[in-house]
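Start from the sequences and build out the full structure, keeping to the hints where you can.
Protein chains in written order, with this note's numbering: chain A, 1 to 446; chain B, 1001 to 1264.
Since the hints were derived computationally from the structure, they do not count as laboratory data. Misleading hints may appear alongside valid ones.
Some residues of chain A that are not near chain B, with every Cβ distance over 12 Å (derived) [what the hints assert, rightly or not]:
no. : residue
1   : 185
2   : 231
3   : 347
4   : 374
5   : 383
If you only want the chain B side, here are some residues facing chain A, beta carbon under 8 Å, derived [stated by the list, open to error]:
no. : residue
6   : 1060
7   : 1064
8   : 1084
9   : 1090
10  : 1091
11  : 1095
12  : 1096
13  : 1098
14  : 1101
15  : 1108
16  : 1109
17  : 1113
Computed from a prediction, not measured in an experiment: that's the story for all the values here. Glycine is no exception: its CB is placed at the ideal position from the N, C-alpha and C atoms.
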Amino acid sequence: MMNADFFAALTLSLGHNAAVVVLGCAAFGLAAGLVGCFVLLRGRALIADVAAHATLPGVAAAFIGATALGLDPRNLWLLMAGGALSAALGALAVRAAAATRRVRDDAAMALVLSAGFGLGVVLMSVVQSLPTGGQAGLSHFILGQAAGLAEVEAQTLIGLALVASVIAVLLFNPLRVLCFDEAFAAASGLPVRALDLSLTALMLLVTVAGLRAVGLILVVALMVIPAVTARLLTERLSIMAPLAAALGAVSGWVGASFSAAAPGLPTGAVITVTACALFLIALTLSPTRGVVAAGLGRARMGYRIGRDHLLRGAWEELEQLRLGPDAPFATAAIAAAWGWSGPRSLIAVTALRAAGLVRPAHEPGFLRLTPAGIVAAQGVVRRHRVWELYLTRAGGVRAFAAHRGADLIEHTLPPDVEAEVEAWLASADPAIARLAVPPPVEGAPA
Amino acid sequence: MNNTAALPIPALSVRHLTVAYREAPVLWEVGWATPSSGLVAIVGPNGAGKSTLIKACLDLVPRLSGEVRIFGQPLAAVRRRVGYLPQRASVDWDFPATALDVVSMGRYPRAGWLRPLGRFQREAARAALAEVGLADFASRQIGQLSGGQQQRVFLARALALEADLYFMDEPFAGVDAATEKAIVTVLRRLADQGKAVIVVHHDLATAPHYFDHVLLLNLRAIASGPMSSAFTPDNLARAYGGRLSLLDQAVAAAAGAPGAAPRG
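As structure tokens, this is what we get:
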């Protein structure tokens, strides 16, 4: 049963080897999430991807070289060393190409990425032709296959991930300052070059550690996705970093468990999809940066503006016609005054009816303010006109500009500012301040 | 301009400083010495090399030739006594940090980089933030601050360094009137404490009001000295190459201003 196997793997009870593999992937996710925060904030996400792709020729060359020298070509350390070397060369090549200023940065990265990967694929076909090469398992370095990991390989992964994590934690403050403000870091006496080099080394360490389990194509995903996810959820690096580490670890854990339950699934892809799922959840539900929060905020604002406009429009219409505040008014007149389309007008009226601020009059197409609506309209009109008075009398703004200014600000006027303006009016013109609704400013359009 | 042998030791002295980006020199044989304390402006047209001069003094850009002495010593020997305030636009303000986080960065050189800040250091960072009037914004994400507030956060981070010589790159660029006033107050207080502050400044009209000493720079050091003697129409015309149509007005306004005497 796939399901049962998945939960067994998830709870580390699918056998010793599977447990070690799951732990290895979780450790890798932890390190990648942590290091990824700095990689991302330093603007190195694409370089990391280039480096990851550039591991392939190194891995293949190490295999070929080891075969030629009569060494064990499947030695993981050897293959990782080869991958690290060519990845470092790839990163250097990007720098060198960009430094000539004949190639733009992005072009240089695309160039090295495809050149490195292409060269790797060519060397892989050489590997296939070697007597030791057939089914060499090197293809696992491309998409990752954690299920087939030997215990010692998984332990290596755990070890490297922990080393990377410890270094990242130790260098947390210098790296933070470097990522935020390199010039300040240098002026404060930080060895900026050495730090940058350590960050690159950390990135390479995580990359080669994850090669066998996650694969070179997707290894960068676990550096980028958890960090981006964590960024959506917090505004502080001291929370973002542990959060990204935790998200990476969970992605690794869950992804590896899936892969263990269904060995046909490439581990790297499953881990990446898991991380993406977590990202989508954060993107949707983040209280500050989430899509839902943004949509709700927009909807609330839209409702508030529509409500204020309709109430003030009704009040001013009735005022002009010298009718009482509970007299019927034409919806079409309000819609025309604010330039509302049919649907916009329908939404505003429906929302205000639901809120109990207006009710339909006997005449079709006419509405009346309810008692609650009258109170609300008084408040809205008063806020608008007090602000207009303030702008014209205290600010020396002309009437029309004051009207426009009041339009722009009245929906979002903070309560303390509103209180201040009211206090100003109470001392500047107590007679008007005592009125429930001050008269419109001379010259302002109704 | 190299008569710097007299005591007291200048906060900054520069000899034969030449800097070039690629082929074209940006600074050419600059020689300059500041007083040992007080507020010093570097004034000059766009592209005159003002920011580059600061960066060259701090070893942030390579020098082709020349010597920089800070309190009579090479930078490496007095690094702790030097503070730098970069241009506000040089960093990404969407960075995940609060105002207090950024100011705390100014404490690491003293507290040590490799461990978390202790209570004393955190209090010092808070005090620096309060000094620029942002005590209530300590836990605000820096991207949600106004431009003027961001500039004050940078100033607070510089204060947290507790340096004796500050280099500030356009702290008045694009700030509101309240922030400008707050910054000037802080600068005056630093000068009163006997510190030296070297500021890249753009506004000719306010320069004589805010600063005691001036360097007029345009590729070369055109003139330097106390505001009253160096900030003259002639020198300004040489620094700006007569390209400023409003120059006469600005100089006239500046000449009428109470140019403060150098301190210290």
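Going down the list of hints, with the structure as the test:
Look at residue 185/A: its CB is around 8 Å from the nearest CB on chain B, not clear of 12 Å, so calling it non-interface is violated. A beta-carbon of chain B comes within 12 Å of the beta-carbon of residue 231/A; the shortest separation is about 6 Å. Taking the minimum C-beta to C-beta distance to chain B, about 31 Å, the non-interface status of residue 347/A holds against the 12 Å cut. No beta-carbon of chain B comes within 12 Å of the beta-carbon of residue 374/A; the shortest separation is about 38 Å.
Look at residue 383/A: its CB is around 25 Å from the nearest CB on chain B, clear of 12 Å, so calling it non-interface holds up. Look at residue 1060/B: its Cβ gets to within about 6 Å of chain A, closer than 8 Å, so that hint holds up. Annotation: residue 1064/B was flagged as interfacial toward chain A, and the flag is violated, the nearest CB pair being 19 Å apart, outside 8 Å. Interface restraint check for residue 1084/B: the shortest CB-CB distance to chain A comes to about 4 Å, inside 8 Å, so the restraint holds.
Annotation: residue 1090/B was flagged as interfacial toward chain A, and the flag holds, the nearest CB pair being 6 Å apart, inside 8 Å. For residue 1091/B, the shortest C-beta to C-beta distance to chain A is roughly 5 Å, which falls under 8 Å, so the interface hint holds. Of the supplied interface hints, the one on residue 1095/B holds, with its beta-carbon coming within about 5 Å of a beta-carbon of chain A, less than 8 Å. With a least beta-carbon distance of about 5 Å to chain A, the hint placing residue 1096/B at the interface is held under the 8 Å criterion.
Hint on residue 1098/B holds. Least Cβ distance to chain A is approximately 6 Å, under the 8 Å limit. Of the supplied interface hints, the one on residue 1101/B holds, with its beta-carbon coming within about 7 Å of a beta-carbon of chain A, less than 8 Å. Interface restraint check for residue 1108/B: the shortest CB-CB distance to chain A comes to about 6 Å, inside 8 Å, so the restraint holds. Nearest Cβ of chain A to the Cβ of residue 1109/B: about 5 Å, under the 8 Å cut. The hint holds.
Hint status for residue 1113/B relative to chain A: holds, with the closest Cβ pair at about 5 Å, below 8 Å.
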